[in-house]
Amino acid sequence: MVAFTMRRYSSKTTTQISNVLLCNVTDRVSFWFVVTDSTKNTTTVPGSEVEAAIRMNRNRINNAFLLSDKTLQFLKIPSTLAPPVEPSTPVWLIVFGVVLCLIVAGIVFLVVAGIQQRKKKNKESTERENLEDKGEVTITIENGIPCETLDLKAGHINGVFSADDERFTSL
Amino acid sequence: MCLLIRLVIKKLDRNWQACLHLSLPSEPGWRGGRGAGRAPAGGRQDGAAAVSARQQEMEKARPLWDNPVQFVFACISYAVGLGNVWRFPYLCQMYGGGGFLIPYFIMLIVEGMPLLYLELAVGQRMRQGSIGAWKIISPYLCGVGVASVVVSFFLSMYYNVINAWAFWYLFHSFQDPLPWATCPLNSNRTGYEEECEKTSSTQYFWYRQTLNISPSLETSGAVQWEQALCLMLAWLVVYLCILRGTESTGKVVYVTASLPYCVLIIYLIRGLTLHGAVNGLIYMFTPKLEQLSNPKAWISAATQIFFSLGLGFGSLIAFASYNEPSNNCERHAIIVSLINSATSIFASIVTFSIYGFKATFNYESCINRVILLLLNAFDLEEGSLTADNLSEMKDYLMAAHPQEYAQLLPQLKNCSLEAELDTAVQGTGLAFIVYSEAIKNMEVSQLYSVLYFVMLLMLGIGSMLGNTAAILTPLTDSKLIASRFPKEVISGVVCFINCIIGLIFTMEAGNYWFDIFNDYAATLSLLLIVLVETIAVCYIYGLRRFEKDLHTMIGRKLNWYWKVMWAFASPLLIISLFIFYLTDYILTGTLQYQAWDATQGQLVTKDYPGYALAMIGLLVASSTMCIPLGALVTFVRKRLKRERVSTVA
Numbered sequence: 001m002v003a004f005t006m007r008r009y010s011s012k013t014t015t016q017i018s019n020v021l022l023c024n025v026t027d028r029v030s031f032w033f034v035v036t037d038s039t040k041n042t043t044t045v046p047g048s049e050v051e052a053a054i055r056m057n058r059n060r061i062n063n064a065f066l067l068s069d070k071t072l073q074f075l076k077i078p079s080t081l082a083p084p085v086e087p088s089t090p091v092w093l094i095v096f097g098v099v100l101c102l103i104v105a106g107i108v109f110l111v112v113a114g115i116q117q118r119k120k121k122n123k124e125s126t127e128r129e130n131l132e133d134k135g136e137v138t139i140t141i142e143n144g145i146p147c148e149t150l151d152l153k154a155g156h157i158n159g160v161f162s163a164d165d166e167r168f169t170s171l
Numbered sequence: 001m002c003l004l005i006r007l008v009i010k011k012l013d014r015n016w017q018a019c020l021h022l023s024l025p026s027e028p029g030w031r032g033g034r035g036a037g038r039a040p041a042g043g044r045q046d047g048a049a050a051v052s053a054r055q056q057e058m059e060k061a062r063p064l065w066d067n068p069v070q071f072v073f074a075c076i077s078y079a080v081g082l083g084n085v086w087r088f089p090y091l092c093q094m095y096g097g098g099g100f101l102i103p104y105f106i107m108l109i110v111e112g113m114p115l116l117y118l119e120l121a122v123g124q125r126m127r128q129g130s131i132g133a134w135k136i137i138s139p140y141l142c143g144v145g146v147a148s149v150v151v152s153f154f155l156s157m158y159y160n161v162i163n164a165w166a167f168w169y170l171f172h173s174f175q176d177p178l179p180w181a182t183c184p185l186n187s188n189r190t191g192y193e194e195e196c197e198k199t200s201s202t203q204y205f206w207y208r209q210t211l212n213i214s215p216s217l218e219t220s221g222a223v224q225w226e227q228a229l230c231l232m233l234a235w236l237v238v239y240l241c242i243l244r245g246t247e248s249t250g251k252v253v254y255v256t257a258s259l260p261y262c263v264l265i266i267y268l269i270r271g272l273t274l275h276g277a278v279n280g281l282i283y284m285f286t287p288k289l290e291q292l293s294n295p296k297a298w299i300s301a302a303t304q305i306f307f308s309l310g311l312g313f314g315s316l317i318a319f320a321s322y323n324e325p326s327n328n329c330e331r332h333a334i335i336v337s338l339i340n341s342a343t344s345i346f347a348s349i350v351t352f353s354i355y356g357f358k359a360t361f362n363y364e365s366c367i368n369r370v371i372l373l374l375l376n377a378f379d380l381e382e383g384s385l386t387a388d389n390l391s392e393m394k395d396y397l398m399a400a401h402p403q404e405y406a407q408l409l410p411q412l413k414n415c416s417l418e419a420e421l422d423t424a425v426q427g428t429g430l431a432f433i434v435y436s437e438a439i440k441n442m443e444v445s446q447l448y449s450v451l452y453f454v455m456l457l458m459l460g461i462g463s464m465l466g467n468t469a470a471i472l473t474p475l476t477d478s479k480l481i482a483s484r485f486p487k488e489v490i491s492g493v494v495c496f497i498n499c500i501i502g503l504i505f506t507m508e509a510g511n512y513w514f515d516i517f518n519d520y521a522a523t524l525s526l527l528l529i530v531l532v533e534t535i536a537v538c539y540i541y542g543l544r545r546f547e548k549d550l551h552t553m554i555g556r557k558l559n560w561y562w563k564v565m566w567a568f569a570s571p572l573l574i575i576s577l578f579i580f581y582l583t584d585y586i587l588t589g590t591l592q593y594q595a596w597d598a599t600q601g602q603l604v605t606k607d608y609p610g611y612a613l614a615m616i617g618l619l620v621a622s623s624t625m626c627i628p629l630g631a632l633v634t635f636v637r638k639r640l641k642r643e644r645v646s647t648v649a
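Same order as they appear, the protein sequences are chains A and B.
full-length UniProt numbering puts the first residue of the first sequence at 1, with every later residue one more than the last.
full-length UniProt numbering puts the first residue of the second sequence at 1, with every later residue one more than the last.
In isolation and in its complexed conformation, chain A is listed as follows:
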């Protein structure tokens, strides 16, 4: 693998497996390695070149062993982490926009409904006042509250008191 990498990087077709020298091999599959220059048999390729080569082909090395950057570690070669996928508009703004539109629609609806209700009530009360002045309408009032608004919720007409005039001796 390492030989292949060096071949790819330096485009020197002559680097062979024999150029890669291993040492300090341990049981847990970790080792130090050195790459020798194939043209000059004794010198070693500088570390920076080897690092650059490995970095270029790291993905391929990982895939060959079915490992990842977290499980196959090259000391002193930090891995380039993949940036997270970011959509063009942040997701939270979209959700925010939806919720905001719903709330504003609700507010506008309630306010308009309130205004309409008040207008209707004003019209009704002015009509009723006009009719009262003409003395044509009998409003059933119970305890000072008109029956319509009460909806007979808080109490009802007490028969004892309604015949008010008759309790007193007629004169």
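Worth double-checking, as some hints may not be accurate.
Distance condition first, Cα-Cα at most 30 Å in a straight line; then the derived DSBU-like pairs of lysine-lysine [stated by the list, open to error]:
no., chain 1, residue 1, chain 2, residue 2
1, B, K638, A, K120
2, B, K563, B, K548
3, A, K119, B, K487
4, B, K479, B, K638
5, B, K413, B, K288
6, B, K487, A, K121
7, A, K120, B, K413
8, B, K479, A, K123
9, B, K479, A, K119
10, A, K119, B, K251
11, B, K198, B, K440
12, A, K121, B, K251
13, B, K487, A, K123
14, B, K479, B, K251
15, B, K487, B, K251
16, B, K638, B, K548
17, B, K563, B, K296
18, B, K440, B, K413
19, B, K198, B, K394
20, B, K251, A, K123
21, A, K120, B, K251
22, B, K296, B, K638
23, B, K479, B, K606
24, B, K479, A, K121
25, B, K413, B, K394
26, B, K487, B, K198
27, B, K606, B, K198
No lab work stands behind these hints, which were simulated from the structure alone.
We have chain A already, so just place chain B on it with the hints.
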């Protein structure tokens, strides 16, 4: 002769009715079922005029809750708030686990229920907001009502920021993976952000990406536009709910009161089935009864009950004023206080199981890291080190390779489950850091995250409804303001002002100001307000008179228990709490706060600067001074009126 007698009889009839009204506060809507009258057409012109005037008054009759359930739900929604979720578990953990329940229940019975019943009874009896209600009890006490409104105003200013944060987290929960699950990358993408490396990804998300917190209170920084948007949305939601008064609030509280329980049940089931949850439950609930001898445990229990029920803000008086006069507020007071405490315990079960899960997860990660470190250092075979044989292997390695082991020692942390469980967190730290950390490790984390933050929102909005009701009810009761502007405009103006002032808390140093308001705006003032309230009802208005009023309202005699609590136990308790807090503040000397240090990745303690201390003093003084000032102003006004009358006469 006949005409004379008839006129006399009619006159008597009217006077008799007038006498009846003298015994009760006169305001529209209270005509105690004493019979009906028919307003005939024509003929009695004066009668018709009087009737139509009364009819106009009736049309502006006090809005009522549709049914008692709405009232109970409104009280529950207000009382069950974020404090139940993030303060009670912390107290339980600090003061002896299961043993803390003993002082908690004693304080509930001695302090919580009586004071709650008192406030509900006052509100239902006087049928006015806090200012009007206390004015009726005694004109010198209008300052108490004003102080309540001022404290509620401060509270609503800063409380809605929590809803803004909840919205922020909620909107960010619709991503995979959750944004607080991993650290962001640094600029050259070789590793994670430095600040995030030092602390955890959840803390980084809270302190940097949500708050963008500055290193100290002095460096204010700019307003964060994202937080400002969320705050504006939070206020719009509150406005939508209070727009129509009890009509809209009554429907909303069905949701805000019940939804948190659904979510808590889901979390309970999920929490108890999590790996390691039982560790948390056992650790937290084992009673450490020796803590009962610590006076702080009792004081914390009393304080928690007091503030958890939301007494003294005027919200309970406002809610109760919209009740039917015959509503059984005694039963409702007991129900609300019991449900509030039960919810606290329920929430702490959920919290402790989440704690246990998080602690176990961290403990096992720590163990795995140690194992990996040792395996790499000593080139051991995979699987030779496990969690069970770790301690024996460590001893063996120490004996076999002493030098390498000594080199590794600083990196080998002693992983301890108790140490993980002992991290006691309260407040926003618990809600937004600890819980989100636990959520990110669950499967389907987006769903649980959405549920959790919706629950936080419901709890927060429920409490906000109560707060705004406390401010708006006195405003809509006062004829000066209510006659000129409709309800919608008043609510809108209040929300707008609060939103603008709340922008302070969205600045970079906003969280520090939030802590100031959270710790000092309401604590001392509320104690004083409730103390004056209790003394006023018992001794100024008269306990017997109040008892008689309650008897006419509810129809049952007042139990001796309530009388003893109101007259003696609760005031004594509040006075002792007050003295304790004052001595605590005096003894601590300078007040300090926790600032986030980005370079170290943790909180450091700093002293408050001078102007912050001045602000704290202003907060406390502006609400407490209202009480004596109100009495003084009323006294001066009465004096002036008397002088004017005497000079005229």
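- Tell me, in ascending order, the numbers of any earlier hints that this structure violates. 1, 7, 22, 23 and 26
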